[in-house]
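*Asks:* Quick note, the sequences are listed as chains G and S, same order.
Under my numbering, the first residue of the first sequence carries the number 1280, and numbering increases by one thereafter.
Under my numbering, the first residue of the second sequence carries the number 37, and numbering increases by one thereafter.
Certain hints may be false.
Chain S stretches covered by chain G per the calculated footprint, using a threshold of three residues with CB under 8 Å from any CB of chain G [to be verified]:
#	stretch
1	99-113
2	367-374
No more than 27 Å apart at the CA atoms, straight line, and that leaves these computed lysine-lysine pairs for DSS-like [claimed, not checked]:
#	chain 1	residue 1	chain 2	residue 2
3	S	Lys-348	S	Lys-251
4	S	Lys-348	G	Lys-1498
5	G	Lys-1498	S	Lys-38
6	G	Lys-1294	G	Lys-1454
Bear in mind the hints are in silico, worked out from the structure with no lab data behind them.
Note that the structure is predicted; figures quoted are calculated from it, not measured.
For every residue, glycine included, the Cβ atom is placed at its ideal position computed from N, Cα and C.
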Amino acid sequence: MKISENLKENVNIIKQKYNKDFAVKYRSFSNLGRKYTLIFIDGMVNSAFISDNIIRPIIRNKKLISPINPDKSLLKKVLIANDIKTFSDMEKCIDDLPYGNSILFIDGCNKALSFDTKEFTIRSVDEPENEKAANGPKEGFCENILTNVSLLRRKILNPDLKFVNKTLGTRTKTKIVISYIEGIVDKKVLKEVEERMDKIKIDSILDVNYIREIITNHKRSPFKTAGTFEKPDTIAGKILEGRIAIFVDGSPMVMTVPYLFIENFQTSDDYYLNYYYASIGRVIRVISYYLTLSICAIYVAMTSFHKELLPTNLAISITASREGMPMSTAMECILMILVFEFLRESGARMTTSASPALGIVGGLVIGQSAVEARLVSAPMIIIVAMSAITELMIPRLKSTTIIFRFSLIILASLFGFYGYFFGMLLLVIYICSLDSFGMSYTADIIGNPLMYKDSYLRFPWFKIRTRPIDMSKNKVREDINEKDIS
Amino acid sequence: MKKILVSILLIFITFNLSACTDYHEIERSSPILSMGIDKEKDKYKISVEILNMNDFAGEISVKPQIISTDGETIDEAIEKIKNMSSEELYFSYLEVIILNEDMAKEGIDDVLDIILRNNEFRLSINLLVTKDDAQKILKSKSNLQPIHGVEIANTLKENENNTSIVVVTPIYKIINMMSLKGVEICLPSVKIQEDKEESAYAIENIAVFEDDKLKGYVDHDISKYYSFATDNAKKSTISVSNDDFLVGGIVDKSKTDIELVDNTLYVNLETSISINEFNSKKDNSFNSKTIKKEFKNKLEKNIKKLITTVQKEYSLDIFGYGLKINKFNQNDFKPYENNWNEHFKNLNVKVNADISLKDDIDYDLEKGDYSYE
């Protein structure tokens, strides 16, 4: 719909769209016989800016505005606001209004001016809760996309860092930014990402997870094939390796694709600490993932199928502690893990005032009293505690641990080690079958040996001369010939 | 849908055709740690050491309990024990089997047969022979550990590594030795020490077997040198004395090579000894040459005595010399392959020990004079 020359008509259209909305303000004023109406939404705009830089210059204007194209002369001679757009389409005006812009309708002109006047309260840049780093930068993303983009832009001062705008969500009209580095990013992957984004037909996007679940290949997999990160330095590192970052307005998480299995075990701290320490940390995280999946299943299989594998003294103490237990080992194990999951979930959901109660119930009642009441054997508590501690080390994989740990326990309790190994085999095959935007999920493990330098171990920076993943055509990090890479 | 059904069926079959469902809760089985086998007239008398375990609020109490039955066969006797027990007898932790002398004299192949046929038994079980009743040994008071099976197994291991008075021969080695030519079995024996207030047991003489039958024992004084004669010595105390001094040493390393030339068996030792104790009777001078000589004489004399005693009394090659000769020179062994023991009996034995002291310093404490050799 075109904007008409009649001021009243235009204002009425807006009024109809936003009828009964108390926050939409209509400010009418006139100068030298010409009428103007400024429309803005209270709470989203900077009032001082509007009165100083838009209303005051027009009212104080002593010269006559030319009757033909008054918008142009206003723009050039009168208004001193910094960011002004000219619209001739009514829909665009209506869309622009809620994001904190002010619309100026001019009587006798079929164009409207849109001013960037937005100012609203946002959370400040804090240290992220989930991705705490002992060393290195501590700032984390917040909910405002402009702040988030600026946080990233400050890390890479290079015009090759590109930001592509998109609006998704037919109702929420959420702003989305795709970011990458020209010259490093793989064009094919970028094209694929953009195509998949364009195919999204969802009415609302409130968080980055909405997009992640729609655009990944393996939608039903518990493994994430697109990663989300909370820190600008992490995102900068990822896109410098050739990945693509996706910002969503309103979400403090930024998504990167492609996402490989090994990224679940990497933290930003790894790059800011001594490389020996970082490498040991990564290996420990990988071992702990294996343990959290397996330790319960191995215990169940050992004690109920393969007792001969236990050393004599260990077998004696386990037997003694299990004497007269009401439940079978497998049942006991499943029950205790359920209890741990209950504790973990209530710990995540409860109010802070209830946390001492949870500590007492979890530690004393369930841990100590259950053993003293001879409901659960003491070794089982240790095994489940091991499984729980190791799970907490790798929060990115928690959705998979719950599912696969239970499956492995059930397999082990039915078929012993045979079942356990069968389950592990299926799991490994499954992980290897996954892919993320054209990259094999395990590309770091089964690929070019040059890539090992930043996967399970982190080599010192002077040794990492190539990008650790095979997605970028521009492989070399340093200014050297490709032949010299060793 | 069809695909899913087929894959479920395939997975189901893979699991069930494996025949691997041996589910048994750990507390429903009672581990047996040692077993004694006696023979009285025509009946086997089996004693097993079952653990009676309890856990009261974290305090684990383990009490061994001896159950004895008898039967025409070993299996029958074990079945009788099973009838008495509410839990499954579990033999995988069995570490020690003690055989009565009468039983051993008739042959240990019955026992080996049962152990080989039943997959629950480990092949690392230690066999021991006793002159007393096996049951009596199991019922005697143990020295440190409450469980006899664990204690005897540990004692054997300790003695093999730290005193070398025992050479541990687990079941798999015994079975190998029985099938090989040029070697006979010998097992450690255990006895009840009567002189203590409460009866306890001790490892002593080695028992000599021909094929699977017990023939006799070799005395403890010289059986100590069995490990030297067979290249198994690890750490052994050895002491010598003469008019001048009394020296105690620990063997650090010992290597034994044998050689058969014509009718003479040369046993060559290379032994390194570190001095642990030195008592001078005259002056405080330390002469490594004489000390070495004393060690050399003692080792040579005793090893020769051990070998000749076995030659004369049993004419059985418990040292496995025939096997070693066969390994390095088949032609030497071939003519005697079928009557090696006869040939072994008539061999001349020459032992040569090459002693080196670890801290080879001559010194005279009074003069304060040290000189490296």
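*Asks:* Does each hint hold? Answer for all of them.
*Replies:* Hints, verified against the model:
no. : hint                      : result
1   : 99-113                    : violated (count 0)
2   : 367-374                   : violated (count 0)
3   : S/Lys-348 <-> S/Lys-251   : holds, 13 Å
4   : S/Lys-348 <-> G/Lys-1498  : violated, 84 Å
5   : G/Lys-1498 <-> S/Lys-38   : holds, 22 Å
6   : G/Lys-1294 <-> G/Lys-1454 : holds, 25 Å
Of the numbered hints listed earlier, those contradicted by the structure are 1, 2 and 4.
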